[in-house]
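S.K.: Heads up: the protein sequence lines correspond to chains A and B, in order.
Taken in order, the first sequence gives residues 1 to 516; the numbers are from this note's numbering.
Taken in order, the second sequence gives residues 1 to 485; the numbers are from this note's numbering.
Please note: incorrect hints may appear among the correct ones.
The following label-pair restraints were derived from C-beta to C-beta distances [what the hints assert, rightly or not]: (1) B:SER353 x A:SER106: 43 to 49 Å; (2) A:ARG365 x B:VAL367: 32 to 38 Å; (3) B:ASP360 x A:SER106: 51 to 57 Å.
Think of the hints as simulated: they come from the structure by calculation, not from any bench.
Backbone N, C-alpha and C define an ideal beta-carbon position, used for all residues, glycine too.
Residues per chain, in single letters:
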Amino acid sequence: MQPSYLLTVLTFLPLAGTAALFMLRADDHEWIRRIALAISLVEFGLSLLLIRGFAPDSAQYQFAEYHNWIPSPPIHYHVGVDGISLFLVILTTFLTPIAILASWKSIDQRVRAFFITLLVLETGVIGVFISLDLFLFFLFWEVMLIPMYLLIGVWGHERRIYAAIKFILYTMLGSILMLVAMIWLYELSGSFDLPQIQSMLVSGQVTLSLRTELLLFAAFFLAFAIKVPLFPLHTWLPDAHTEAPTAGSIILAGVLLKMGTYGMLRFCLPLFPEAAHRFAPYVAVLAIIGIIYGALVAMVQTDLKRLVAYSSVSHLGFVVLGLFAFDPTAVQGALYQMLNHGVSTGALFVLVGMLYDRRHTHLIREFGGLATPLPVIAAFFLFVSLASAGLPMLNGFVGEFLILSGTFVRHANWAAPAAIGVILSAIYLLWAYQRVFFGEVTQEKNRTLADADRREWAVLVAMAVLILWMGIGSVGFTRRTEASTRNVFMLMQRPQAYNARAALASSRSPIPGGLR
Amino acid sequence: MFPPREDILRLLPEIILCLSGILLMLVEPFLTRARRNVLVTLAALGSGLALVSTIYPATLPGTAFSGLLRIDGFSVFVHVVVEAVAFLVVIGSADYLDREHIQHGEYYALILFATAGMGVMASAAELMTAFVGLETSSISTYILASYRRDVPRSNESALKYFLLGSFATAFFLYGVALVYGATGTTQLARMTFPATPGGERLLDLGLALMLVGLAFKVAAAPFQLWTPDVYEGAPAPITALMASGPKAAAFALLLRILASVSAAGTFWFWALWISAALTMFVGNLAAVAQSNVKRMLAYSSISHAGYMLVALAAAAASDQVELGVAAVLYYLAVYALMKLGAFILVSQLGGESERHMEIDDFRGLAVRQPVAAACFALFLLSLLGLPVTAGFLGKFYIFNAALASRLVWLAVLLAINSVIASFYYLRVIVVMYMREPNQTWPPVPMPWAVTFVLSVAAAGTFYLGLFPGRVMALATQAALSLPGR
């Protein structure tokens, strides 16, 4: 394959673009917005080239680049995409212009700094998805925290500083332990290169003792579980979402949370299969609790943005459940659900942001009967809510269906309670919809609100089209992700894993109910 | 009896430092008040020349002065660090001294003398020489700490530093005496076996006392109590010097003893382990509660000593000291850069007589002085250990050394401490970026000298954070150049 610099360009184009913004006068808001949008659109266009050049049947890392970076310990600039990361990259480049458009008018303080932060964030997120070197991955993973921290802390709402600090401390706690685990893994394998470590593990060249594997898995998993966030580590999320500006919420829900589930799929499962199998029942329980708990808490929220935030806890629970069902269909569904959630929850945050721009509140009781003054926004809101609730023909259905059917095959007792979450999500979304949009207009000042303008139309149509397309044309996506998800299961095979399990089984049998 | 030419060249940096110090004091009486800027030029030239002249020891490794000094990659590395620190502190001090009306030649001379002492510590192959270096650098810094003569706090700082520091030096000296009694030598290279019967215990005791003395100098718990008061009271540029230079030299001495004396490795290991854990927690937990920037940075420098002690413990735990030693050396360079940048920046932003040293005084700095705020944020993030900045790679190498020696729990403690630390570093960023400005005073100007120092520190922070290869190779070479046990 010819060397390609597309991924490097994709990663660093937004960062380079900030230079253009630095050259503009700080108070030239209009041009700052336009340039930022232009950069993000070019970025999106370039990312579509990935699909064109992507070989769908291959599980290999494509568009790979490999350069020496730090000689000792050996660290390389190694990037590439496979079916797992391909669409996550595109989701990022898609949501960034949406986020820029969504903050077109609502951001009027320190505008230049805002768009610079947003673009730096995009660089960080893309870097996370394409890194194939553990060190490089960690670098992007951490660096991306700072722009998100600033987005929440500088441009957020009233309790923004509390939320920002909570967000960053939670994430750092997880990630620093992951760093320790990465270095430990390096001490054992002599490499930071993910494919290389992977092949050494599969070939049996490097073996992890069970205790080591459990500890390493736990360290990686904790970092990712905080990011997802998995119940009971989710408490930073509602605060961060509620206080973040619209753009922050879009990126946070749309892509940042996916970094957690992506990490599980990329690192936890293939590197530590034995530990993953042992932890799976507990993880599944937490995921199911998250699904139901998130939905129930979402139901009683009085703040619309908090409601959407809790719905994320619920939806991401599905994804984690799908991943830990160890079924190719469920994993496919989980991957698809990551994209779905990015698009539909992103769209929900866009819509909530639009309401906030008009009324400067997220409280449901401040709304009511909004369908009369805002018919267009109401229609799109319904459409997106249904997508999020998993209506067939729309995107959410495909993901949830794949996850539940895949999980059911392996663990029927996991799938049954999880399915309740689907019903609950319809309840809280439609109930909220009813309270906000249906009936008589309850507040006088809501009567005169202006409906969507051209910019808002553009954003909403783009998202709605994508939602519909992902609902109908899901094959176009799953066709490209299938080889890579199957590959994950190939990588989970270990020559010694069976021996270990067999040895354990034999050692356990003489003592009934012995040590575990 | 004149020493051979090579030996002179091997000591050239120290000679240049001392001579330019003397020259400074001789020149001063001939200068009018208006011409005082000649002083800083001379001092900068002196320290710069000393820095350049390390090329001689670098090309002439070996022992000098009948085995008193050992010039190797290790000593050269530490020399470069402490001399670069002196150079930057000299340049960064000029405007501060003008503002405080204490522009005198002896200030610079003392910095240069102190640096010469640190240089001797770094290359001492023998404990009495090390002691002379330690005293030279300590006494100069005692005086410098009290340099704001009219400020009671500065006097308090110096007195505290002097009293406790003398105690610590006495400990060190007593330790040297005991070690001498046990082994019959003060030469590090020959200190392997106790010479007298029952000497093991004497040797252990001596080593313990030496560790106490040096732990005081690096501000390791439980000997860290002086640090916040002294750092707060001393003139801010001197705080920058104290936090980076003497600490580097004391660590160098610790490392050299650790690498050369096998008894030190086994005997010190648990002491280092416990002290590392304690130092990290004490420094970080106390820093969380500070409202004064200088005090916060002082506690943070305690915690950083703890991080370096982790690598030291790693070096003590394994037969291969290189990983740990190289990690410490790299961290010393990184740490000197970021701490120096932070303190020099604070010294400038503090305004006349360091009035604005509360964290709250930095409110809205990002709006008022975006470049200064960005610079400070960079140093803070580097101290925190965020990737892309030097602090991250420094910490990364420490983790690497610790895990290579299988010190998993110490590594986990280090990780937990990094998270605690991020709280107070980020709080300053919160204040600068997320709060509305409330200052009534005008923005502080950034003179070119300060700008120069900050640019060097910032560029270094990025360089060492992105391309550690070359410096790390030097640090590894330096570590390998130490005589094995």
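S.K.: With reference to the structure, classify each hint as holding or not holding.
M.R.: Checked hints:
1. Checked against the hint of 43 to 49 Å, the pair SER353 of chain B and SER106 of chain A passes, with Cβ atoms roughly 44 Å apart.
2. The hinted range of 32 to 38 Å is satisfied by ARG365 of chain A and VAL367 of chain B, whose Cβ atoms lie roughly 36 Å apart.
3. The given range of 51 to 57 Å is broken by ASP360 of chain B and SER106 of chain A, whose C-beta atoms sit roughly 30 Å from each other.
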